Amino acid sequence: MNPDRLFPPEPQLRALARAIFDSAADAPILSPHGHTDPRWFAEDAAFPDPTQLFVIPDHYVFRMLHSQGVPLESLGIAPQDGGPAETDLRKIWQTFADHYHLFRGTPSRLWLDHAFATVFGIEEDFGPATAMAFYDRIAEALTTPAFRPRALYKRFDIEALATTEGALDDLRWHKMIRDSGWDGRVITTYRPDAVTDPDTPDFRKNVESFCAMAGTDAGSFARYLDAHRARRAYFRDIGGATATDHGHPTATTRNLSPAATEALYQKVLSGRADAAEREDFRGQMLTEMAKLSLEDGMVMQIHPGSFRNHSTAIFDRFGRDKGFDIPTRTDYVRDLRPLLDAIGHERDLRIILFTLDETAYARELAPLAGVYPCLRLGPAWWFHDSFEGMWRYRQMTTETAGFYNTTGFNDDTRAYLSIPARHDVARRVDAAYLATLVGTGRLSETDAFDLMQDLTHRLARQAYRL
Amino acid sequence: MNPDRLFPPEPQLRALARAIFDSAADAPILSPHGHTDPRWFAEDAAFPDPTQLFVIPDHYVFRMLHSQGVPLESLGIAPQDGGPAETDLRKIWQTFADHYHLFRGTPSRLWLDHAFATVFGIEEDFGPATAMAFYDRIAEALTTPAFRPRALYKRFDIEALATTEGALDDLRWHKMIRDSGWDGRVITTYRPDAVTDPDTPDFRKNVESFCAMAGTDAGSFARYLDAHRARRAYFRDIGGATATDHGHPTATTRNLSPAATEALYQKVLSGRADAAEREDFRGQMLTEMAKLSLEDGMVMQIHPGSFRNHSTAIFDRFGRDKGFDIPTRTDYVRDLRPLLDAIGHERDLRIILFTLDETAYARELAPLAGVYPCLRLGPAWWFHDSFEGMWRYRQMTTETAGFYNTTGFNDDTRAYLSIPARHDVARRVDAAYLATLVGTGRLSETDAFDLMQDLTHRLARQAYRL
Amino acid sequence: MNPDRLFPPEPQLRALARAIFDSAADAPILSPHGHTDPRWFAEDAAFPDPTQLFVIPDHYVFRMLHSQGVPLESLGIAPQDGGPAETDLRKIWQTFADHYHLFRGTPSRLWLDHAFATVFGIEEDFGPATAMAFYDRIAEALTTPAFRPRALYKRFDIEALATTEGALDDLRWHKMIRDSGWDGRVITTYRPDAVTDPDTPDFRKNVESFCAMAGTDAGSFARYLDAHRARRAYFRDIGGATATDHGHPTATTRNLSPAATEALYQKVLSGRADAAEREDFRGQMLTEMAKLSLEDGMVMQIHPGSFRNHSTAIFDRFGRDKGFDIPTRTDYVRDLRPLLDAIGHERDLRIILFTLDETAYARELAPLAGVYPCLRLGPAWWFHDSFEGMWRYRQMTTETAGFYNTTGFNDDTRAYLSIPARHDVARRVDAAYLATLVGTGRLSETDAFDLMQDLTHRLARQAYRL
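Residue numbers (the working numbering), protein chains in the order written: chain A, 5 to 470; chain B, 5 to 470; chain C, 5 to 470.
Chain A on its own, in the form it takes in the complex:
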């Protein structure tokens, strides 16, 4: 690993970037948005093997191999109809290694190399020839206590780690973590899409179960909303949640009257709502969730703009989350206005906006976050969680929204072992960016060092009320 990776090439800037980066070396990792499995921390069992850790669950990895003609089955991803898939974990690992050159220049490569080098201490280059040696080294390490989830949590110096659970989740693993007396802080996040998005399969059943879990029924919108209140409280009490998360196809919000909302609710429950009405309901629910956030103090995250399961063939054969979620153009100015008109000036409300459409940074998101007190910009997300993605994010948001309307880094990952790598990248980019501002007379050195503390931990702690 190049110790000066991601820093500016010009020697003076590089030295300054290194100094800024080093000044935050002691900062703990805050991971307020992610998708690790709470069961890991509840049971603290050994991870099974390298392939199930690094290949099978990582959509960045298998989508790239698929794009070059490697069948998903050969990577151990089983069709839903029970058709055959490769089960030889070493063979899958070798296939992955044989195609490792595909990742040249990608963040996946940076994360994987970083994990191999720093988590497992392997100094060789990963590739076809070294694949089996890597497999053996990693497999052996995984059997040792130092590589159990809780030990890694400590080793990674994590201060808080948020997982994400659906509103129907019983939070058994979070309860188990809490009951275990372990001093790590693994908290949940309230993700109600399955009961707010009428396009979810079994939507009505979901809503009925959801209301039942909350001790009420789905008969009226008021009771349905009470169920949210109850479940949100449960997520806070049992799972330590401080935030909610909403993955919608668009940023549409609505501000309907109570009567119209009730009618719409009944219609979507009945299954007779058309596409526009289902979109209305999703939009209305963002506004309702914002209002509940104002009641209970939970931070609201909106992740819009992904066209989920773009390939019908892949979705039918393998199901969701197979690398076929594709970003789309997203409008924030018109779409968020109903919500903002309803409660956008409440100073206790906190909404964190994400985007997969970078054209919105300078045109819409920075101008909106730069004036509405409830809005903050989440970090560069998903495909943009990368050197260039983060650099563009800072370039296109800072001048209009400043640094203080942003929220620090999210790793947003289920790839637990990549968490240090991802935060390392984010910190290096921020250090490089701050050094560049100093080097071009746009920031004082004192301010840069102070901002580095903000960007690495203070802003995340404040934004997520951790």
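Among these hints, one or two may not hold up.
Treat identical chains as interchangeable: a pair holds within one or across any two.
Dumping the calculated EDC-like pairs for lysine to aspartate or glutamate here, alpha-carbon to alpha-carbon at most 20 Å [what the hints assert, rightly or not]:
| hint | residue 1 | residue 2 |
| --- | --- | --- |
| 1 | K326 | E350 |
| 2 | K326 | D345 |
| 3 | K95 | D161 |
| 4 | K326 | D197 |
| 5 | K326 | E47 |
| 6 | K295 | E127 |
| 7 | K271 | D241 |
Calculated directly from the structure, the hints in this document are not laboratory data.
Predicted model only: the values in this text are computed from it and were never measured.
Start from chain A and add chains B and C according to the hints.
Positioned in the frame of chain A, the structure of chains B and C alone reads:
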């Protein structure tokens, strides 16, 4: 102030950028588009105090503070209903200083620091601890003759400064300037939105007053157009105007028949026009204004794409221009076509296009300006009037439109004391950009020095016919 | 010519970029997509004169002059109505030279300077004063055997050069090249727009001639499709084609039933189809062409998003290809889905996507090409065939799609003498980009040198099955 601010960090490029920048050190400031108050130059009275100069009127400043929860009232911005607002100017100034860290990395910070340092000669850093000392220094300076508007005009080495007045303005201050015999060149710009945009409050009344001012009546479109002819002539004769300016929500233009235009005019006047018809009228009026420009030689500026007064609550409580104008996606290719088809090949027509949607630079604006003889690209505007904004502008327009289809810098500001700072930033970015082209073999040094003269003063003078 | 042009200014990066660039110095030119005239290679006659070579056919050149008020007629472009146009070639050349400063900072300038210096060995600067000397030097060179098309092909070290012919072309020049026994590889490309786009003038007549050429008739969609099969085979057999090319206004695709397709075909042939149906037909034909590609192995290229002949006045007076094709926003996510759902997972299908809308790179194109096995990204196209355009292309596609879902450079030109210059620019940008990745720890040096071979020739050979 870092004397090499905004120059490239690499030492050779930096030295070249400095040399290019220095070569234009004697160039006067041309400010062909802006929003200073002509009354200042007419009366040449002292500015009242630091807070009313730097805080209360600067939407960049108060929007940022508002975004972090500082109420507008506490910044001295009074609600329209007469509700209370802070009136203690020193207290407001202190609030501003207490939040000055919010501006780290923003152009506002660069402009303010530059004004404090170069206009007032204060060498300390502005912040909570120094706020009152700054207030005293600035307040005292403002009482002296050297800080009167006309003296500053000379000190800033301004060659021409355009203000912007609505078509209903009587230009009394411009008349007073002209009559005073002062040798400064403060000219007006014809901004007819209040009589061309049917969404303006009191639109019909505006049109009737407007026609009356021009000695005609609003009875027919022909007479309404004659009123424009007369008012444009008045703006040229009394206010020295060389340009018109049009702030529209979109870039829509229309090329309707005279009969259809007459019918549309009557309908919008009647107040019965729907949203599409009101948009048609705005679009038709851009084409009509272009035709009048061809008659009278006035340069036409189009500033499209701002969603004005995005927050209903703020608009209702405080009125317009409170920092809630948010950029939107803007289409130029389809929207400008009717106008361009009507008169786009007239070589004497000059239309300067601006955008808040940077995605249009490379895709639409540079290709259009790179072929239509009437089109020129205005500089990076508003939120993009910044280092990164200008850099992207050059990167995304130069290769397709060249430098000569651009128009030099506009400061577009009502913050008079920031004018030197803004031009300083623009010149530095241009010098840095030219040096980068030379350093990467894309431009000869001779051409770079020649272009620096173009970009600092020649292009603005030509584009605005000054 | 600066030998380090387009390399990063920082000395270490610059040295590395130079080394990477030099490592591919021996790589031949592959030009798999372009618009040179096959007649040149068939007849191998001398080019007539500098003006007809460099000015009259180059829309980059005449659009820029036109944008600054130079009438097309004065550049030798004759109106279609037989109106006068300048015919004095030296006078046109002088006009071009008089406006050469307009090209400062543009790729046209780089290409022209490169051609003057390296193809003709002229060391002076081109401009008003040297115009006639250049004319004489070039005119004289063109009379010599070394400047004949085939000699230049060898001198330029071209391995394969694709031209583009319409589906109605008889390929006589390609036949003549083949029959001549010359060992250059000049191949054609199948471009069926005139028989797939109902907005083409004389569409029905085109389709009927097309079917007749293929020995069938236009009576049914099946027979029309058979005609495509036959003509594609003819293009492969006689013209050596390995690819098809499709220039559509949008990326719309459709996946209609056979019955619906037949009905649509009859309707568009009848001339009664409305705009939406004509768009449906274009979209359906992309899917049909993809299916034929699967049958016959031809690589499919889609070039969407140009608003052709934007100016009605210019189109009416001078016809098409006069510099008035303007890019528009293009959607790939929704528009390509019907085609991708139909056959997007066929591993033997190869579709190369281009764009004039750079906002699609990071948001749509890289995510799509990074997962669908049939998709590859063509290089930065047209207005983006430039230093900044290529740089943004790499920055916005690499992290998500990697390098191996891209296809190497296309020069896409009819300006034969600029081909070495254009490939030189592309290689320098790639070398600079790879060096930057190495210098910032995102790529190993070994990988960078290997990738340079991929980017200069391997990927193009693979992508186009050359």
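Outcome of the hint check:
no.	hint	in the structure
1	K326 - E350	between (39 Å within a copy, 17 Å between copies)
2	K326 - D345	between (37 Å within a copy, 15 Å between copies)
3	K95 - D161	neither (34 Å within a copy, 43 Å between copies)
4	K326 - D197	within (19 Å within a copy, 35 Å between copies)
5	K326 - E47	neither (27 Å within a copy, 54 Å between copies)
6	K295 - E127	neither (52 Å within a copy, 48 Å between copies)
7	K271 - D241	neither (33 Å within a copy, 61 Å between copies)
Going through the hint list in order, the structure does not satisfy hints 3, 5, 6, 7.
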